[in-house]
Amino acid sequence: MWNYIIRRLFWVPFLLLVVSFVTFLLFRMGPGDPVLVILGNKYDPQSQSAVNLREELGIDKPLMVQFVNYARDFFQGDFGESYRYRGQPVRDLIAAKMWVSAQLSLAALLISTIIGIPLGFFIAHKQGKWQDPTIVTICLVVMSIPVMVFVPVLLWLLCLKNLWIPFWGGIPCSGWGGLFDQRIIVPALSMGLPGVAVFVRLMRASTLDVMKQDYIVTAHSKGLSPFVIDIRHVFRNSVIPIITILSFSLAGLIGGAIITETIMGIPGIGRLAVQSVFDRDYPVIMAITLVTAGFFAIANLFADIMYALVDPRIRYG
Amino acid sequence: MKLMIHDEKTEKEITTFKNEGHIHRAFSRLVKKKLALACLVILAIIYLSGISVDFISPYGYTDQDYTQIRQSPNSSHWLGTDRAGRDVFTRVLWGVQNTLILTFVSMLTGGLVLGITMGLFSGYFGGYVDAVIQRSGEVVSSIPTFFLILIISATVRPRIIEFVRLIEDNTVLEGLIRGGIVDYFVISLSLVSFGWIGTARLVRGQILYLKETQFIDAARSIGVSTFNILFRHLLPNAISPLIVTVTMGMGSMIGAEIFLSWIGLGIQPPRPSLGVMLWESGNISVIRTEPWLMFAPGTVAFLMVLSWNLLGDALNDVFNPRTY
Chain A
1 MWNYIIRRLF WVPFLLLVVS FVTFLLFRMG PGDPVLVILG NKYDPQSQSA
51 VNLREELGID KPLMVQFVNY ARDFFQGDFG ESYRYRGQPV RDLIAAKMWV
101 SAQLSLAALL ISTIIGIPLG FFIAHKQGKW QDPTIVTICL VVMSIPVMVF
151 VPVLLWLLCL KNLWIPFWGG IPCSGWGGLF DQRIIVPALS MGLPGVAVFV
201 RLMRASTLDV MKQDYIVTAH SKGLSPFVID IRHVFRNSVI PIITILSFSL
251 AGLIGGAIIT ETIMGIPGIG RLAVQSVFDR DYPVIMAITL VTAGFFAIAN
301 LFADIMYALV DPRIRYG
Chain B
1 MKLMIHDEKT EKEITTFKNE GHIHRAFSRL VKKKLALACL VILAIIYLSG
51 ISVDFISPYG YTDQDYTQIR QSPNSSHWLG TDRAGRDVFT RVLWGVQNTL
101 ILTFVSMLTG GLVLGITMGL FSGYFGGYVD AVIQRSGEVV SSIPTFFLIL
151 IISATVRPRI IEFVRLIEDN TVLEGLIRGG IVDYFVISLS LVSFGWIGTA
201 RLVRGQILYL KETQFIDAAR SIGVSTFNIL FRHLLPNAIS PLIVTVTMGM
251 GSMIGAEIFL SWIGLGIQPP RPSLGVMLWE SGNISVIRTE PWLMFAPGTV
301 AFLMVLSWNL LGDALNDVFN PRTY
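Listed in order, the protein sequences are those of chains A and B.
Heads up, the first sequence is in the working numbering, so the first residue is 1 and it goes up one at a time.
Heads up, the second sequence is in the working numbering, so the first residue is 1 and it goes up one at a time.
Note that these hints are calculated values from the structure, not bench results.
Watch out, some of these pointers could steer you wrong.
Okay, derived cross-link-like pairs now, EDC-like style, lysine to aspartate or glutamate, Cα gap no bigger than 20 Å in a straight line [what the hints assert, rightly or not]:
hint, chain 1, residue 1, chain 2, residue 2
1, A, K212, B, D317
2, B, K32, A, D132
3, B, K34, A, D132
Chain A side only, calculated, beta carbon under 8 Å to chain B, not exhaustive [claimed, not checked]:
hint, residue
4, V19
5, V141
6, S144
7, I145
8, V149
9, P152
10, P226
11, A273
12, V274
13, V277
14, T289
Footprint (simulated), chain B over chain A, 3 or more residues, beta carbon under 8 Å [unchecked claim]:
hint, stretch
15, 258-266
16, 290-299
From the three backbone atoms N, C-alpha and C, an ideal C-beta is built for every residue, glycine too.
Isolated chain B (complex conformation) (with noise of 0.2 Å):
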């Protein structure tokens, strides 16, 4: 009886199989995972928080309130405030939405338009244009980093800050700089510099193997196009690791992120960060008077990281069957 059960599974699975595409099928799978789908929701509710935080949050994140300086967490600040009487939730929430912004707009368009791109040419015509392309992430991924992000926050912040003054001064554009839109595009440009390498790696390993193949000399013996062999016929049968890839990163972008506006070169202050908060309060004091000054964006950071890891691990298992 019980192989019986089991017999009907494997045909179910088997006809689902038939009739639904690769990457639907996958989600069937991950949905099974509890792991992975706790993941989806927490991130979920991080993120949706962070966005609507104007709806959410009565305070703005430069209130002050010199009577409720340091409480701690009640009913009126959920997660209590800090030195300067500002609502700590409603701060952190905008640190998510900073960082948010910021993570996925450097992986959109160093992790997949350039790392694509470059991984695409890099394999599909080998020769110069694959020894340039390697050879400069060579360069880029042998400084650790870390290095790399400050060294590139630190040069070019002024030279943009500049620039952009000049526009200020020139244009009718005001309050670019006030307005964070600096911090935006140094933070993003040093994350892209590291973002792209490992994308770039796999597509190319992906498509050195795929271009091989017969489908794509049948492509090209009917004359189609070199960007529509790039794009519509290799591309999407490398999408699989890359998805897993780009999921295990955004753990690490969003660490490279708070560790910037850690070390005082990302989100200036007094627009909240989570960096900068674990800045101000990352210390051994703080844990015995205040802990929820710390432990309320610590907290937020972790979940956000750990999401992202175990959802890049989830993926890879649903992905790769085969490993496990």
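Chain A on its own, in the form it takes in the complex (with noise of 0.2 Å):
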């Protein structure tokens, strides 16, 4: 066990290695001179100012060096200086706006385990009977809905219809106020709703399978009340593989609010990745890529942990 954690940790670092390699070469050989970007598209590139930035920023040097560079401050915890906003270490910008993110992803995975959870309980007790396909039919085709058209249509239906949320400014619930705030409920909805009927089906899979066990044969058989089965043997042990996927999905869910926090305003990590895009901000963009990758590696093999602490029958040689 402490073997395989130990193997899997030291993948961590590797894995950071190559992602940011190849992001660099993609940048590298993407449109922009970096430092057109910081002083604007009518400098000459030649003039005197352009090049002692060059040499400042360290890009006149060869690309694996730079690259080394790169590579030795990110691991040393220095992600380098936006080009946009000049003078803002990468770190503290991508910290404030992942803060948010966080809590918007926590919110909208609430959502989806609250309602996700006992629904997939549930419809697997009702296995057969018109309940099972109806509840899934209904999940799938609130996940098919395109985000840009759900944010559009909750707010029009919450905030203008039916006014149980009031209006904030020009656009009604739009911008960010932490995680108690009132404007945190459309995009958590977006957000979350879709997440139920990837729930909904765990649980559900995972029920029918306890409910198959001869443990739960046996609780019936000694005369347990249903109701105590339900509650004490199967939702308790149908609920563990659940738990492990929760810390992956948290992840996945700050890689993709880029659509919600878009239209609504927020200020997380995934607006912040499209502006960089489109201002050729690469520290910024860079440094947003490496750190989701290194939270989803290091929930990957959370989840793996959890899974064998959770469950002694599963080993890892």
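Please assemble the complex out of the two chains, which come individually in their own frames, going by the hints.
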């Protein structure tokens, strides 16, 4: 077990190194001279200030030297300086946005799980009856609505039509006010409701799996009430695999919030990523990619370890 | 009596089991599912009208009629007109055509050809080949999908446009960029970048199990070539989970294509695409004044994604009856 964890932990920095190399090459081959991004398009790339700036940024050196420098700084926690926001370290820039996105993802995940897990548990008991396919289909319908349609429709329904959530400025409910602000409702719903389908399916499969086990038959035969069996034996065992994937889906949501954040004007990591791509602010987008990739790798590892911890039958060689 | 009928039914099913192939059997089971059938019909209608938009609609996608600006749906403009007086129905169908071409091309090249080949190699040869393919899959999938396609399309597009300009300037070929070839190529490339991993992992898993079976041993012992073992003996046995995965993957492919055009890195205006239309009209004031501008492309996109998802769900039941 420890062997396995250590081996996996060694793989994470290596994975980050490969990801950073690939993204680094993509951006260096990509369009736009960083100097022109900073000084403006009208500037003469050969002028003295451009040459000086190039030297300062270290982009006059060969590509491989640049990469080694970047990787060394990155693993020391220095992500460089933003091209767009001069003088702002990338680390501070993305840390603030990361926190916003994490809160939003947490709210969305809460919605998905609170609706999805009981629903999945319920329809597993209704296997073969009409409730089962109906609820699965409804969840798929919600999942299939394009987010760019879902968000305005939700806004219209909740804010304008019924006035459940009051106006905020020109665009209703837009902006960001933290986890306990009313303005989080629409974005969290738009990200959380499509995710219900995932949890319903997982919970349904896992509950069906548990209900077939011998110990459930034993519990029935020794005369326990079905309610007690459901709560004490079935639910607790079937929710285990779901808990293990929670960390993974939290990491996934951070990357997937691009559309919602862009529409709702939420200063999160997805919106920053889109802006940086269009501004050609390469240090920022590189840092975002690497940090999210790192999150993914660690969440993946965490899920595997959790899996082994909660279920002692699983062994890793 | 009831039991008798039931028995006859099973008897009939058993005889059909013997006569028909695996895929045929699954298909006949699929046809019995009304929902799946409805999805197939919806997809067929949407795609066919997308392909034949030239014959269906009397308008072109850039035809502007300034006397007919922001008309609500009526007899001459079935889905109304937009702010430039263009027919929404025509533009939606052209958008469907673009989505159709892009997602099918990406699925065929990335999801099927690349994914299957990688999965077969990875599972059959094992060792270093397996490690390299699996690790590169892990690298790609560690970047969130939308980031990945964002990065690829943003960085690769200008280089490809430069390259195509060079071709246009030095050869007799004209209108490559105006025709949208570059857009198609860049979008496909970014969709392929993540599309292959799912199928590769799936095929690998199947092959790892299948290659230990006796019929593969037998094939190897009589000297069947590696190519034939891979594509004629192993692949057909892994086909049913593959069909399910590909069908379910189509939904997310369509979503990714619409996302790319929506963010401004996919199909470029004035060429119509569902993503661009949703970007132009995806706000609350449009819902209040011209809802058809958003709901026309939105509903079509929704129906396409939903049909693929439900179809995938039904196919899963059909191919893996044990789960039901």
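Check each numbered hint from earlier against the structure, then list the numbers of those it violates in ascending order. Violated: hint 10 alone.
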